[in-house]
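Kindly generate the complete structure, drawing on both the sequences and the hints.
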Amino acid sequence: MKSIFRALCALSVLAVPIAVAASAQETAVPTAPASLQTGEKTPWLYEGSDVPQDKEWLFGEMENGLRYAVRRNGVPPGQVSIRVRVDAGSLHEQDSEQGYAHLLEHLLFRESKYLGPAEAIPTWQRLGATFGSDTNAETSPTHTVYKLDLPGVTRAKLEESFKLLSGMIREPVLSQANVDAEVPIVMAEKRERGGAGQRVNDATRRTLFAGQRLAERNPIGIDETLSAARDKTVQAFYNRWYRPENTVIVIAGDADPVELARLVEQWFGDWEGKGVREPAPDFGDPVAPAGADPANPIGEMAVVVEPDLPRTLTYAVMRPWRPVQDTIVYNEGLLLDAIGQAIINRRLEARARGGGSYLYAQVSQDDVSRSTDATFVSFAPLGEDWEAALDDVRSVIADALSAAPTQEEIDREVAEFDIAFASEVEQAAVLSGSSVADQLVQAVDIRETVASPQTVLDVFRNMRTRFTPEEVLTRTRKLFEGDVIRGVLVTPKADNASEAALRMAMARDVAPDSSARLAAKTISFDELPPLGEPGEIVLDEPLGLLDIERVHFANGVRSVLWTTADEPGRVTVKVRFGSGYRAFGPEDAPYVALGEMALVSSGLGELGQEELDRLATGRKMGFDFAIEDAVFSFTAQTRSADVADQLYLFAAKLGMPRWDENPVLRAKAAAKLAYDTYATSPGGVLNRDLEYFLTSNDPRFATPDPAMMDQVTPEGFREVWEPLLSQGPLEVMVFGDIDRDATVEALRKTFGALPPRQGIATEVAMRVPEFPGADADTQVLTHRGDANQAAVAIAWPTGGGMERIRESRQIEILAQLFNNRLMDAMRERAGASYAPQVISDWPVDLNSGGKILAIAQLQPEDVPVFFAEANRIANDLATQPVEADEINRVTEPLRNLISRATTGHGFWLFNLQGASFDRRRVTAMPTLLGDYSNTTPRIMQILAQRYLAARPGFKLAIIPEGQTLAEGVPENRIPVRSAPAMMGR
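Numbered according to mature numbering (1 follows the signal peptide of the UniProt record, and there is no 0), the sequence shown spans residues -21 to -1, 1 to 964.
Source of the hints: derived by calculation from the structure; they are not laboratory data.
Given the structure is predicted, the values throughout are model-derived calculations rather than measurements.
Backbone N, C-alpha and C fix where the C-beta goes; we use that ideal spot for every residue, glycine too.
Just so you know, not all the hints are guaranteed correct.
What the hints assert, rightly or not - Now the in silico label distances, taken between C-beta atoms and shown as ranges: (1) Pro302 with Asn867: 46 to 52 Å; (2) Asn666 with Glu742: 27 to 33 Å; (3) Thr444 with Thr17: 32 to 38 Å; (4) Thr902 with Pro734: 31 to 37 Å; (5) Arg426 with Glu698: 35 to 41 Å; (6) Gly44 with Ala274: 42 to 48 Å; (7) Pro273 with Glu42: 47 to 53 Å.
Shown next, in the form of structure tokens:
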């Protein structure tokens, strides 16, 4: 049950589809397998627990020891989500096997009983599954999980999928040829994770988990053991851990659960492990050094010097992890812990907002890899004085341990939890099958149960009388009691700290500081001033699609509404206004990034960020701000009951903005601290500079450096942003489970009451970024990361706007064909890159600016290989018709992806944004599914000729400092094949 309390359920989609595949349900009721644990028998997951069983799940345990859980879930319609969890992760590896658990994850996708070499991914694509999202796997310290979200299920698809999965899990082909093929791919993945960030992660792991297996076991492995991997040694690891007794299969989807259980029995019932089952190794406990003070058991401390990383400090109070009886009383204790942490974190945030010595700080309890139960404290000092920041953070915590919180503080956090749990109950019917399957896998991993959203809410509300200052204080104190305290300081300067200084700083007493305790004053929306006289409605009519409506107001504000109860209680609000990136001149560049970081937190009216937080207590509200191609936007996921208040917040930000200086200064400090981190890896430089170069060095798309940030002031921030809030068209979209009339009235009182919008100047509307010229040389940048890391990008311009929107959808198919071929060339055949990617970007709000972009991370010597392969693929697509099967491997997943997406209102909102000003967005919808899922070889060839062959691609390479870009393609680096083959996992 703990996993439910830890993380609230993810958003999901459900049902108003354009097209939905036939369900896998059968007319005849299948006979229930004997292994199903029905009647009075306690399911295996709930043994020893008094947590009410989630009756949606059916559980089974077969004679060979394999356990399973199945349930019906129709979100999205026609999909079945399958998870196969094996209790084998990096902590199960011997010293000579480091990386084998993850290597096996790859090998199971490469070849198995029913799938030949590199056939797994194309086979799943033909069945409609998208590589990377619908078919994937993960390896952690404690398990390996194979994931399949199968769309458009039929009886035949299910049978075939279980057959293929059983062959992968039970009988992979672990030949030396396959090991030799996959090791370079794993090494490429490992290389792409390297650099300063990985060095810090490794040092942190070794320090915090000193003496435990987790300290020396990273799932990616080490070069020595991966290079030495042989078929026999990998097979031995497989035989030891891949057994039915170590396996759990979880299935949730649009099918009869009894039929799903029958399929598990059919394909896994006769599976037998090889040899005698071995017990899992002892993961070890955190132990304090000999002679440590029991009252303050300071253990290992480390100082990690990374010149390009900002200062951060993490310390942990560590306790041994032990399996628990997952009872209601146990979970009540967890909820008390969560309230205590929330109070501390709110106080730490208040101190940071008020100009404290640190940028951020957070406390969190976590059970890590069945190795430790720990309370972590992490923060980032604002300057070189990390000791002052450490004292500040510890003094806030010391206050929380010395005196009980007020009842008002507790009630505020209780209200936040209550609304979150209540929202989950409202939306339980729309929780996707993939989400519930993942939740159960997580529960198995931490050896606990799952509970329905209603059970979680009931447990929480039934313990209301326990949320007292005394109980919260008692539980909070226990969070900071442990067997050993360990810490890691990351600093850019070697002379800034030492392990001895860190140990002394952690050992000294700090005085409790109660100044960060928050006043308990409540704020109500009823107390807020009106935004003006309610607006006059000048148009109220159907949009012309489904039951969507448009309502226009006399002040020029336009709204689009869709009342649909298919996602109970859930509402999405999006406000589009102004002119986006076009609004800025070159001199405004530093304020662009700061706007995304500080505009919302600068407040509105008489309310600063703290007051806004109080105002939102007990409500589900959001305030995401984004700068888009040609508009600004506010977006929120909210509840039916909170729509009117959400609309007020958004409108008030436009109608009566506040300009607090602290959020700007804090955002400025964060931007300066983060800037050098970009240079620590080629991927970081790519993120920092790619858009700048793809827009012909347009300053608006540059990442401001510290010197530029030094010129930024709160006054300048206001001068740039204040006029932008009142300029340009304004559209409000409200989609979901709403009271239509009440929402229209709320719009009248909020957006309809705003003053008329100011127009956008002609010169502003014309500020459209330009793609680099066709004669541009390869841009070469450098990074300060590892010498074996590089990144590359090549891009071709396409277009933008609604005029050719149907063509843009076909270009997406072309990009996916390119993606499959590039993956085959750079990953499967060359082992040069783990995950090269090709994307199509088509800005709908502009008539230009689109591109096909291919990117990858690889070794410096493979940079010319990438460019040669990308150009070869572009030329082949333009000169040779694509075979029908290759097209089908793209269009079938796209068709299923879109069919699933149409079942949620978020899909319709995204595609109809701007429709109140541009009717073409409505008329383009009926052809959307067909445009993305049907094409011909001739159309693909024409588009490739038009966009990929018409001019050279723009090329960008990021290589290590001190190196030069290699010329030419190494001989025989990419073997030539007559037809492209798809990669294995």
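How the hints compare with the structure:
1. With their beta carbons about 48 Å apart, Pro302 and Asn867 fall inside the hinted range of 46 to 52 Å.
2. For Asn666 and Glu742, the hinted distance range of 27 to 33 Å is satisfied, since their beta carbons lie about 30 Å from each other.
3. Our hint of 32 to 38 Å for Thr444 and Thr17 holds, since their Cβ atoms are close to 37 Å apart.
4. Restraint check, Thr902 to Pro734: a C-beta distance of roughly 33 Å satisfies the suggested window 31 to 37 Å.
5. In this structure the hint that Arg426 and Glu698 lie 35 to 41 Å apart at CB is violated, the actual value being about 57 Å.
6. A C-beta distance of roughly 46 Å is found between Gly44 and Ala274, which places it inside the suggested range of 42 to 48 Å.
7. Between Pro273 and Glu42, the C-beta spacing of about 49 Å keeps the proposed range 47 to 53 Å intact.
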